[in-house]
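Chemist: The task is simple: from the sequences and hints, build the whole structure.
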Amino acid sequence: MILEGLLSIRTEDGSVHTAAMGPEVPDSRSINQLILKPFQSSRTSDLLSALPEGVFHLTDNVLLFAQAVTGTLSQDLRIRPAATVSGWILEDTCEAFEFRIKKSDRSHDRSKLYATIQKTHFIRPFRGFNRASHAVIEAAILFSRIQLLGGEHIQQQLELLRPLVAKTAGEQERNAFELIVSKTQNACNLMR
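Residue numbering for the sequence shown follows the working numbering, starting at 8 and increasing by one per position.
Think of the hints as simulated: they come from the structure by calculation, not from any bench. One or more hints might be untrue.
[As the list claims (entries may be wrong)] Below, computed lysine to any residue pairings styled on SDA-like, alpha-carbon distance capped at 25 Å: (1) Lys119 <-> Gln40; (2) Lys44 <-> His128; (3) Lys126 <-> Gln163; (4) Lys119 <-> Arg152; (5) Lys109 <-> Arg131; (6) Lys119 <-> Ser35; (7) Lys44 <-> Thr127; (8) Lys110 <-> Ser56; (9) Lys174 <-> Gln162; (10) Lys110 <-> Met8; (11) Lys174 <-> Arg134; (12) Lys44 <-> Gly29; (13) Lys119 <-> Ile148; (14) Lys190 <-> Ser52; (15) Lys126 <-> Lys174; (16) Lys109 <-> Ser93; (17) Lys119 <-> Gln154; (18) Lys110 <-> Thr18; (19) Lys119 <-> Gly78; (20) Lys126 <-> Asp67; (21) Lys109 <-> Pro88; (22) Lys174 <-> His141; (23) Lys174 <-> Asn137; (24) Lys119 <-> Leu10; (25) Lys174 <-> Gln163.
Because the structure is a prediction, the values reported are computed rather than measured.
Modeler: Here is the structure:
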């Protein structure tokens, strides 16, 4: 099973790097392992090569997903140090899983990094997702692949998701979706 969430990784200067990631989870009822699959060309992959540990977060805050993929996360994120790894726990999440990478396969464009969970933190209850939340997560995933799929294709897909947001979104989901739409348009303009 793939669980969509956010990674936080310590950078060379000790600050936090946050990325949206959907790792494979062998057993979602008892999360004790993750298989992370970052593209080898990504900053996330570089950071995990240098320091093979971090924190994976589950959250119902879809604005964090949108901000992570568009590179617009605030530098004022509420964070605290992890307990067993050199990394950061994002406060506005539901659960956090401190992990260490034990084995890696870098023979393909996307690495396979096998991580074991060192410590789990329950931060707050998961409030759930509505259709707009799912649309935002799908939009975030699409945006993260804009170089692979092309801007025009992403824009078409976003228009298919727009009615879900219009019908069921709250303010957070609307803001998240519009951020992705805006950043997609900007990227398309640069691609022309």
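Chemist: Against this structure, judge whether each hint is valid.
Modeler: Right, here's what the structure says about each hint:
The hinted pair formed by Lys119 and Gln40 meets the criterion: a straight-line CA distance of about 13 Å does not exceed 25 Å. For the proposed pair Lys44 and His128, the alpha carbon gap of about 23 Å is at most 25 Å, so the pair holds. Between Lys126 and Gln163 the alpha-carbon distance is near 41 Å, which puts this suggested pair outside the 25 Å criterion. In summary, the hint linking Lys119 to Arg152 is supported, as the alpha carbons are separated by about 18 Å, within the 25 Å threshold.
At roughly 29 Å between alpha-carbon atoms, Lys109 and Arg131 are farther apart than 25 Å, so this suggested pair is violated. With a C-alpha separation of about 18 Å, the suggested pairing of Lys119 with Ser35 holds against the 25 Å cut-off. For the proposed pair Lys44 and Thr127, the alpha carbon gap of about 21 Å is at most 25 Å, so the pair holds. Taken as a hint, the Lys110 and Ser56 pair is honoured in the structure, with Cα atoms around 11 Å apart against an allowance of 25 Å.
For the given pair, Lys174 sits about 19 Å from Gln162 by alpha-carbon distance, which is consistent with the 25 Å threshold. Taking the CA atoms of Lys110 and Met8, the gap is near 19 Å; set against the 25 Å cutoff, the hint holds. Only pairs whose Cα atoms come within 25 Å are accepted, and Lys174 paired with Arg134 is accepted, the gap being roughly 19 Å. Pair hint Lys44 plus Gly29 holds up; C-alpha atoms about 8 Å apart against a cutoff of 25 Å.
Restraint check: the Cα-Cα separation between Lys119 and Ile148 comes to about 18 Å, which is no more than 25 Å; the hinted pair holds. Annotation: proposed proximity of Lys190 to Ser52 holds, straight-line Cα distance about 23 Å (limit 25 Å). Simply put, Lys126 and Lys174 have alpha-carbon atoms about 39 Å apart, too far for the 25 Å limit, and the pair is violated. For the proposed pair Lys109 and Ser93, the alpha carbon gap of about 15 Å is at most 25 Å, so the pair holds.
Straight-line distance between C-alpha atoms of Lys119 and Gln154 comes to about 21 Å, which keeps the hinted pair within the 25 Å bound. Of the pairs offered as hints, the one joining Lys110 and Thr18 holds, with about 21 Å between alpha carbons and a cut-off of 25 Å not exceeded. Our distance criterion of 25 Å between C-alpha atoms is met by Lys119 and Gly78, whose separation comes to about 24 Å. A distance of roughly 20 Å separates the Cα atoms of Lys126 and Asp67; the hinted pair therefore holds under the 25 Å criterion.
A hinted pair counts as satisfied when its Cα atoms are at most 25 Å apart, and Lys109 with Pro88 qualifies at roughly 21 Å. Taking the CA atoms of Lys174 and His141, the gap is near 13 Å; set against the 25 Å cutoff, the hint holds. A C-alpha spacing of about 10 Å is found between Lys174 and Asn137, which places the hinted pair at or below 25 Å, so the restraint holds. Restraint check for Lys119 and Leu10: the C-alpha separation of about 15 Å stays at or below 25 Å, so the hint holds.
Between Lys174 and Gln163 the CA atoms are separated by roughly 18 Å; this keeps the pair inside 25 Å, and the hint holds.
Comparing the model with each earlier hint shows violations of hints 3, 5, 15; every other hint is respected.
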